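In the order they appear, the protein sequences are chains A and B. If you read the first sequence in our numbering, its first letter stands for residue 1, the second for the next number, and so on. If you read the second sequence in our numbering, its first letter stands for residue 1, the second for the next number, and so on.
Please keep in mind that the hints were generated in silico from the structure rather than gathered at the bench. Just so it is clear, the structure is predicted and the values come from calculations on it, not from any experiment. Where hints are given, some of them may not hold.
With a straight-line Cα cutoff of 27 angstroms, these simulated DSS-like cross-link-like pairs (lysine-lysine) come out [to be verified]:
# : chain 1 : residue 1 : chain 2 : residue 2
1 : B       : 84        : B       : 139
2 : A       : 59        : A       : 85
3 : A       : 59        : B       : 139
4 : B       : 139       : A       : 85
Now the stretches of chain B that chain A is said to cover, found in silico as 3 or more residues with beta-carbon under 8 angstroms [to be verified]:
# : stretch
5 : 130-144
6 : 212-222
Here a beta-carbon is modelled for each residue, glycine too, at the ideal position from N, C-alpha and C.
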Amino acid sequence: MWRFVIRRCGQALVTLLLLSAIVFFMFRLLPADPTAAMVDAALSPEQIAELKAEFGLDKPLAVQYGLYLKNILLKGDFGTSFFYKQPALKILGDKILNTLILSLAAILVAYTVGSILGALMAWYRGSAGEVAGIVVGLVFRAAPEFWVGMVFVMLFAYGLGWLPHSGMREAGYVAESLAAKYLSLDFLRHLILPATVAALHMLSTPMLLLRNAMLEVRREEYVELAHAKGLPLRRIIFRHAARNAMLPVVTSLATAIGRSVGGMVLVEYVFSWPGLGREIVLAATRYDFPVAQAAFLMIAGLIMVMNILADLLYGYLDPRIVYK
Amino acid sequence: MLRQIWQHLRRDPLGLTGVGLLTFFVLVAIFAPVIAPYDPEAILRLDGEIARLHPPSREFWFGTTNMGRDIFSGVVLGSRIALKVGILAALLVTFVGTNVGLIAGYYGGIVDTLLMRLVDLLYGIPFIPFVIVLVSLLKPSVTNIILAVSALTWRSVARIVRSQVLTLSQRPFVKAARVAGASDLRIIYRHILPNVLPIAMLEMSFVVSWAIVSEASVSFIGFGDPTVPSWGKLLNGAFVAGAVRFAPWWVAFPGLAIVLLVLAVFFITRSLETVINPRLKGGE
Numbered sequence: 001m002w003r004f005v006i007r008r009c010g011q012a013l014v015t016l017l018l019l020s021a022i023v024f025f026m027f028r029l030l031p032a033d034p035t036a037a038m039v040d041a042a043l044s045p046e047q048i049a050e051l052k053a054e055f056g057l058d059k060p061l062a063v064q065y066g067l068y069l070k071n072i073l074l075k076g077d078f079g080t081s082f083f084y085k086q087p088a089l090k091i092l093g094d095k096i097l098n099t100l101i102l103s104l105a106a107i108l109v110a111y112t113v114g115s116i117l118g119a120l121m122a123w124y125r126g127s128a129g130e131v132a133g134i135v136v137g138l139v140f141r142a143a144p145e146f147w148v149g150m151v152f153v154m155l156f157a158y159g160l161g162w163l164p165h166s167g168m169r170e171a172g173y174v175a176e177s178l179a180a181k182y183l184s185l186d187f188l189r190h191l192i193l194p195a196t197v198a199a200l201h202m203l204s205t206p207m208l209l210l211r212n213a214m215l216e217v218r219r220e221e222y223v224e225l226a227h228a229k230g231l232p233l234r235r236i237i238f239r240h241a242a243r244n245a246m247l248p249v250v251t252s253l254a255t256a257i258g259r260s261v262g263g264m265v266l267v268e269y270v271f272s273w274p275g276l277g278r279e280i281v282l283a284a285t286r287y288d289f290p291v292a293q294a295a296f297l298m299i300a301g302l303i304m305v306m307n308i309l310a311d312l313l314y315g316y317l318d319p320r321i322v323y324k
Numbered sequence: 001m002l003r004q005i006w007q008h009l010r011r012d013p014l015g016l017t018g019v020g021l022l023t024f025f026v027l028v029a030i031f032a033p034v035i036a037p038y039d040p041e042a043i044l045r046l047d048g049e050i051a052r053l054h055p056p057s058r059e060f061w062f063g064t065t066n067m068g069r070d071i072f073s074g075v076v077l078g079s080r081i082a083l084k085v086g087i088l089a090a091l092l093v094t095f096v097g098t099n100v101g102l103i104a105g106y107y108g109g110i111v112d113t114l115l116m117r118l119v120d121l122l123y124g125i126p127f128i129p130f131v132i133v134l135v136s137l138l139k140p141s142v143t144n145i146i147l148a149v150s151a152l153t154w155r156s157v158a159r160i161v162r163s164q165v166l167t168l169s170q171r172p173f174v175k176a177a178r179v180a181g182a183s184d185l186r187i188i189y190r191h192i193l194p195n196v197l198p199i200a201m202l203e204m205s206f207v208v209s210w211a212i213v214s215e216a217s218v219s220f221i222g223f224g225d226p227t228v229p230s231w232g233k234l235l236n237g238a239f240v241a242g243a244v245r246f247a248p249w250w251v252a253f254p255g256l257a258i259v260l261l262v263l264a265v266f267f268i269t270r271s272l273e274t275v276i277n278p279r280l281k282g283g284e
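Using the sequences and the accompanying hints, generate a full structural model.
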């Protein structure tokens, strides 16, 4: 198994390396001028040249990329933000955790609730509840997350006043420690709306997958036996049938993670959640390439790490899987 | 096959709803300039005053924005770019993806390895951030949005078509064609392509919905084509103005339009899926 982990990590690193090249050249070759954002019209040509030299933009592209890679690998330096005039890593550092928490919360909710609903839908096939479940699931899948976010803010934050409309904690809040920062009630209240919106968007995947798998499992003999033994229906559905129907749901987890972390961009933007996604949008609007590039690579890296973990989880749940 | 689809649709209320909705949107898009009562960019006046933030009324069916623009006209004309992006991106993606899949699957060996590693690499790129960054780097325009969406999404079509081609190449009719002296191109496009077309079409309908939502997302963030009215752009205006606090109609209608159109595509896709992959019917 360790060989599998090492190999997968190696593959992920190679992919990241290639991605870093793609992203780097994408930002340099396209028409937008990286200096446009920071160059003041009032600056003289000499001052502009000086500024370019300061950020290393006067060297040939290949050299720039070499330097960029060297700095990341040796010093963990992703370059200096054009906008904040601070190292990109410093700006993004604590945002990784914020994005991770939001994504994991959303996935957890979506997969638990979705699985339960999917199992019930298979059992009560043809009922009005089942059709309603499919339609509601698909509606939230069709609705862009940013729009559902706006509607929920309208309803639950401004309309009913139940939850805060944006941000991650109340203004002026100072945490004594890292744990206090993320374990406070205030943080949880801020987490609920964005996590719910993201979870609703994902809900239909586990729900419909488990429903379809359950429909097949339902006819198995061991389920009939459980019925014959007179076990309570709830026990049959969740302990006997759902367990065996779970595999496709777990398989879908890997792609769900990628989509969730990548798609978190818009949820974070609408809720002003200080994560990587919001930062990438802000950086794009400011033409702040070092930050956009770094955030992009971090999102990709985050997805890869989570995918490897999902693969391992899969093997744990289904011992028939052999890692090669 | 069309007949088969129709036979199936008749017994599938969701699929039928999808076809109905999609037809409705296509008609709205075609006749948009006739339907829209105002120019969506015009600043409207009512009794001499700029019609700011009017709730839905007889004059303004979906209300107005803070600049006095008619939201109904914006939503009607916005259907054009949504459908255009959805259809063109899907055609482009299916064309590229199917060809890559056919070539990789048919020739195998080094060609296959290279193309599939490229696909793997693309799978490592997060979709929405990529589209946002690419459109912000290129100039925001309808063409660039279509290109940015297509640049990544062909990966899934290529992968699925390739796996189909791998099994098809082993089938007797392909071998027979080869023995009969058919050229590679002829085998690929005359014998294999028709067999992968259904599954490619299924993927195509997924791409339609991704493309529509991506266009809306990109426009929502502010990188929409500045010259064309779009649903995402209307929502961007609403978000920037903070309309969630005082103008629910401004938020609701453009969003509902997106939901209904994408939902229509979903319903049709689900229907197509059961026609193309009859195994799914077993569960139904």
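**Message:** Verify this for me: three or more residues of the stretch 130-144 of chain B with a beta carbon less than 8 angstroms from a beta carbon of chain A.
**Reply:** That given contact holds, which follows from 8 residues of the stretch 130-144 of chain B lying within Cβ reach (below 8 angstroms) of chain A.
**Request:** Could you grab the alpha-carbon distance between residue 59 (chain A) and residue 85 (chain A) and see if it respects the 27 angstroms cut-off?
**Result:** 20 angstroms, holds
**Request:** Decide if the proposed pair is consistent with the structure: residue 84 (chain B) and residue 139 (chain B), CA atoms, cutoff 27 angstroms inclusive.
**Result:** Cα-Cα ~18 angstroms, so holds.
**Asked** Are the Cα positions of residue 59 (chain A) and residue 139 (chain B) separated by 27 angstroms at most?
**Response** 25 angstroms, holds
**Request:** Take the stretch 212-222 of chain B, compare each residue's beta carbon with every beta carbon of chain A, and decide whether three or more fall closer than 8 angstroms.
**Result:** holds (count 6)
**Prompt:** Given the hinted pair residue 139 (chain B) and residue 85 (chain A), is their alpha-carbon gap at most 27 angstroms?
**Reply:** The given pair, whose Cα atoms are some 26 angstroms apart, holds under the 27 angstroms limit.
No hint from the list above goes unmet by this structure.
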